[in-house]
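Please arrange chain B on chain A, whose structure you already have, making use of the hints.
So you can see what is in the structure, the chains are spelled out below.
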Amino acid sequence: DTEVTQTPKHLVMGMTNKKSLKCEQHMGHRAMYWYKQKAKKPPELMFVYSYEKLSINESVPSRFSPECPNSSLLNLHLHALQPEDSALYLCASSQDMDSSPPGILHFGNGTRLTVT
Amino acid sequence: EDKVVQSPLSLVVHEGDTVTLNCSYEVTNFRSLLWYKQEKKAPTFLFMLTSSGIEKKSGRLSSILDKKELFSILNITATQTGDSAVYLCAPSGNTPLVFGKGTRLSVIA
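Same order as they appear, the protein sequences are chains A and B. Under our numbering, the first residue of the first sequence is numbered 1, with each subsequent residue one higher. Under our numbering, the first residue of the second sequence is numbered 1, with each subsequent residue one higher.
If we strip away everything but chain B, and leave its shape as in the complex, we get:
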């Protein structure tokens, strides 16, 4: 059975802090791992990772995948209150997008 574990489940930080969100996974026939940000409604796409060791960056966010150790991390530097959201990790294999429980990030001004 496919399994995704995200940690921590929740996190409270002050603006300007750097955070690291973790995702470990076990899926059959791994194809990719996606990160999404969910505020109140639709999850919005952040990154898709398919290869180990290649960092993807978008502004203050970055992510990397380790296919040998079966985990991924999402880093956010210089956090802002607008980063407050649930961050979802979702690997895909035989089943499209198996979501982890998410990390609820709260950034305090």
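Bound-form chain A, shown alone:
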């Protein structure tokens, strides 16, 4: 088990549904990340929050909407997804995004999303 907790573990949703993925860490980390991983591919960065502010958006479609309510929580709101959005969504956290060297990213076990 990791120190980054993601819920739910599995999610099946239709293209017209609205759902949210949740991520929580209690390590006092100030940077939190969303990655998307398709089968047999490496994780791809989607968003980074640093000190609860959106710092990086890797040109992600607006049907994915991140939210960071506080320093321990990160959500990913999903709306009108496409079947090609089916993937493993990984949350990660690190002490600080901008330190040099940057902190180690700690990953959650992910949410496996299937869009039907």
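Because the hints were derived from the structure by calculation, they are not lab data. Among these hints, one or two may not hold up.
Here are the simulated DSSO-like cross-link-like pairs (lysine-lysine), alpha carbons at most 30 Å apart as the crow flies [said to hold, decoys possible]:
no.: 1; chain 1: A; residue 1: Lys9; chain 2: A; residue 2: Lys38
no.: 2; chain 1: B; residue 1: Lys56; chain 2: A; residue 2: Lys22
no.: 3; chain 1: A; residue 1: Lys41; chain 2: B; residue 2: Lys67
no.: 4; chain 1: B; residue 1: Lys101; chain 2: A; residue 2: Lys41
no.: 5; chain 1: A; residue 1: Lys9; chain 2: B; residue 2: Lys40
no.: 6; chain 1: B; residue 1: Lys101; chain 2: A; residue 2: Lys38
no.: 7; chain 1: B; residue 1: Lys41; chain 2: A; residue 2: Lys18
no.: 8; chain 1: B; residue 1: Lys37; chain 2: A; residue 2: Lys41
no.: 9; chain 1: B; residue 1: Lys41; chain 2: A; residue 2: Lys9
no.: 10; chain 1: B; residue 1: Lys41; chain 2: A; residue 2: Lys19
no.: 11; chain 1: A; residue 1: Lys41; chain 2: B; residue 2: Lys56
no.: 12; chain 1: B; residue 1: Lys57; chain 2: A; residue 2: Lys40
no.: 13; chain 1: A; residue 1: Lys9; chain 2: B; residue 2: Lys37
no.: 14; chain 1: B; residue 1: Lys41; chain 2: A; residue 2: Lys38
no.: 15; chain 1: A; residue 1: Lys19; chain 2: B; residue 2: Lys40
no.: 16; chain 1: A; residue 1: Lys18; chain 2: A; residue 2: Lys41
no.: 17; chain 1: A; residue 1: Lys53; chain 2: B; residue 2: Lys57
no.: 18; chain 1: A; residue 1: Lys41; chain 2: B; residue 2: Lys68
If we take Cβ atoms under 10 Å as the criterion, some of the chain A residues that face chain B in the derived model are [what the hints assert, rightly or not]:
no.: 19; residue: Glu24
no.: 20; residue: Tyr33
no.: 21; residue: Tyr35
no.: 22; residue: Ser59
no.: 23; residue: Ser62
no.: 24; residue: Ala92
According to the in silico footprint, chain B covers these stretches of chain A (three or more CB under 8 Å from chain B) [claimed, not checked]:
no.: 25; segment: 11-20
no.: 26; segment: 98-108
Just so you know, even glycine gets a beta-carbon here, dropped at the ideal spot from N, CA and C.
Quick look at chain B alone, frame taken from chain A:
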């Protein structure tokens, strides 16, 4: 654009063999290079490298970075079936952790 190339992409060895996994990279404003092991779920951290020529070791695993030639290697000695996984190389620069495609290692008993 940041670029990470890992080789080989897949590798099948017998228990007890030694393997060397390669990672070459080009990132803007390089800060560090991390190695992760991924089995079925979360990538788990192995090493963080920031300085050239300093070997990091953890049990049967070791890794080294060459910042001049822009590459890193991960060595695993006396491989075990539990080492079967995808090994991901991830340098960070302006963008946090750009992952390579990974090397899929299969260790056969």
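Each hint tested on the structure:
no. : hint               : verdict
1   : Lys9/A / Lys38/A   : holds, 16 Å
2   : Lys56/B / Lys22/A  : violated, 35 Å
3   : Lys41/A / Lys67/B  : holds, 26 Å
4   : Lys101/B / Lys41/A : holds, 6 Å
5   : Lys9/A / Lys40/B   : holds, 13 Å
6   : Lys101/B / Lys38/A : holds, 11 Å
7   : Lys41/B / Lys18/A  : holds, 25 Å
8   : Lys37/B / Lys41/A  : holds, 14 Å
9   : Lys41/B / Lys9/A   : holds, 10 Å
10  : Lys41/B / Lys19/A  : holds, 21 Å
11  : Lys41/A / Lys56/B  : holds, 27 Å
12  : Lys57/B / Lys40/A  : holds, 28 Å
13  : Lys9/A / Lys37/B   : holds, 20 Å
14  : Lys41/B / Lys38/A  : holds, 12 Å
15  : Lys19/A / Lys40/B  : holds, 24 Å
16  : Lys18/A / Lys41/A  : holds, 26 Å
17  : Lys53/A / Lys57/B  : violated, 36 Å
18  : Lys41/A / Lys68/B  : holds, 28 Å
19  : Glu24              : violated, 14 Å
20  : Tyr33              : holds, 7 Å
21  : Tyr35              : holds, 8 Å
22  : Ser59              : violated, 12 Å
23  : Ser62              : violated, 21 Å
24  : Ala92              : holds, 8 Å
25  : 11-20              : violated (count 0)
26  : 98-108             : holds (count 8)
Violated hints, listed in ascending order, are 2, 17, 19, 22, 23, 25; each of the other numbered hints is respected by the structure.
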